[in-house]
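Trainee: Sequence:
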Amino acid sequence: MTHASALDSGTFTLGGDLPVRRLGFGTMQLTGPGVWGFPADRAGAVRLLRRAVELGVNFFDTADSYGPDAAEQLLREALHPYPNDLVIATKVGLTRSGPNRWGGDARPAYIRKQIESSLRNLGLEQIPLYQLHRIDPRVPLAEQIGALEELRTEGKIRHIGLSQVGVAEIRAAQRTAPIVSVQNLYNLGDRDSEDVLQYAEAAGMAFIPWYPLATGRLALGGGPLDRIAHRTGAAPAQLALAWLLRRSPVMLPIPGTSSQRHLEENVAAAAVELSDAGYAALSQASRPR
1 MTHASALDSG
11 TFTLGGDLPV
21 RRLGFGTMQL
31 TGPGVWGFPA
41 DRAGAVRLLR
51 RAVELGVNFF
61 DTADSYGPDA
71 AEQLLREALH
81 PYPNDLVIAT
91 KVGLTRSGPN
101 RWGGDARPAY
111 IRKQIESSLR
121 NLGLEQIPLY
131 QLHRIDPRVP
141 LAEQIGALEE
151 LRTEGKIRHI
161 GLSQVGVAEI
171 RAAQRTAPIV
181 SVQNLYNLGD
191 RDSEDVLQYA
201 EAAGMAFIPW
211 YPLATGRLAL
221 GGGPLDRIAH
231 RTGAAPAQLA
241 LAWLLRRSPV
251 MLPIPGTSSQ
261 RHLEENVAAA
271 AVELSDAGYA
281 ALSQASRPR
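In full-length UniProt numbering, the protein residues as written are 1 to 289.
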């Protein structure tokens, strides 16, 4: 199982021209405590990212606010010059003032400043997928998306994505620019974004679930996840990822970790096949509230 590859997760074509393996990697956990600074074992983080590529991962999600800058710089340190098929998605719109302290800024001037920082950090001339980390309530949405669309027209962004939004916000953003992905909280224990997933499916947009390994009460002893884990020998986290991958062809889970063992376990989830009965049991038990 540990020798499975992310290739087993299948592929999805972002924006119609960027094929990625559906099981990706999120970099937030590679930073220091409180998502602040570099990790104590920086060399270990570099080895982990390289191991992810060896395991077939070619879609990496990061953000300028992770560190800040640290996660983007680790990607460059580990993987640059990048393999031709590697796709990096980064985000703008959250600010940092200290460990576990988050603010927001999506003013057009700030977005323009941060795109230059991300391009330098990552060693890229164009960001493959640039996502608005959060909508800034102080700025008209059309201005935020308009700034991203200007950068796309200039060639600094290939595709635009959104994060933690509702269907109405996606539709509003689409009036200003093409949107190819949405990244929302979604997992077996929290399916409140089911309507957004359904919209993404209908529109052919990628749906990137953050916090994909959360299972909530389903992993409790005697629960459906626990029962299936005992029956199949798969870990609960692997079943949670297998369920996400089966849930929708537009689903791109990005589990993150700082442990090579967990990385290999997560990637092995791509080869876990849920039975129809197992999938139905988990789906029923985790119905949206």
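It cannot be assumed that every hint is accurate.
Using 16 Å as the maximum straight-line C-alpha spacing, the simulated EDC-like pairs for lysine to aspartate or glutamate come out as follows [stated by the list, open to error]:
(1) 113 / 150
(2) 156 / 116
(3) 156 / 105
What follows is a set of in silico ranges between Cβ atoms, one per label pair, in the way DEER data are often shown [as the list claims (entries may be wrong)]:
(4) 194 / 233: 23 to 31 Å
(5) 167 / 13: 39 to 47 Å
(6) 275 / 194: 35 to 43 Å
(7) 273 / 103: 27 to 35 Å
(8) 230 / 107: 31 to 39 Å
For the record, the hints were derived by calculation from the structure and aren't laboratory data. In this text the structure is predicted, and so the values were computed from the model without any measurement. By construction, the Cβ of each residue, glycine as well, lies at the ideal position given by its N, Cα and C atoms.
Trainee: Now tell me, hint by hint, if it's right for this structure.
Mentor: Evaluation of the provided hints:
no.: 1; hint: 113 / 150; in the structure: 13 Å, holds
no.: 2; hint: 156 / 116; in the structure: 9 Å, holds
no.: 3; hint: 156 / 105; in the structure: 20 Å, violated
no.: 4; hint: 194 / 233: 23 to 31 Å; in the structure: 30 Å, holds
no.: 5; hint: 167 / 13: 39 to 47 Å; in the structure: 22 Å, violated
no.: 6; hint: 275 / 194: 35 to 43 Å; in the structure: 23 Å, violated
no.: 7; hint: 273 / 103: 27 to 35 Å; in the structure: 43 Å, violated
no.: 8; hint: 230 / 107: 31 to 39 Å; in the structure: 52 Å, violated
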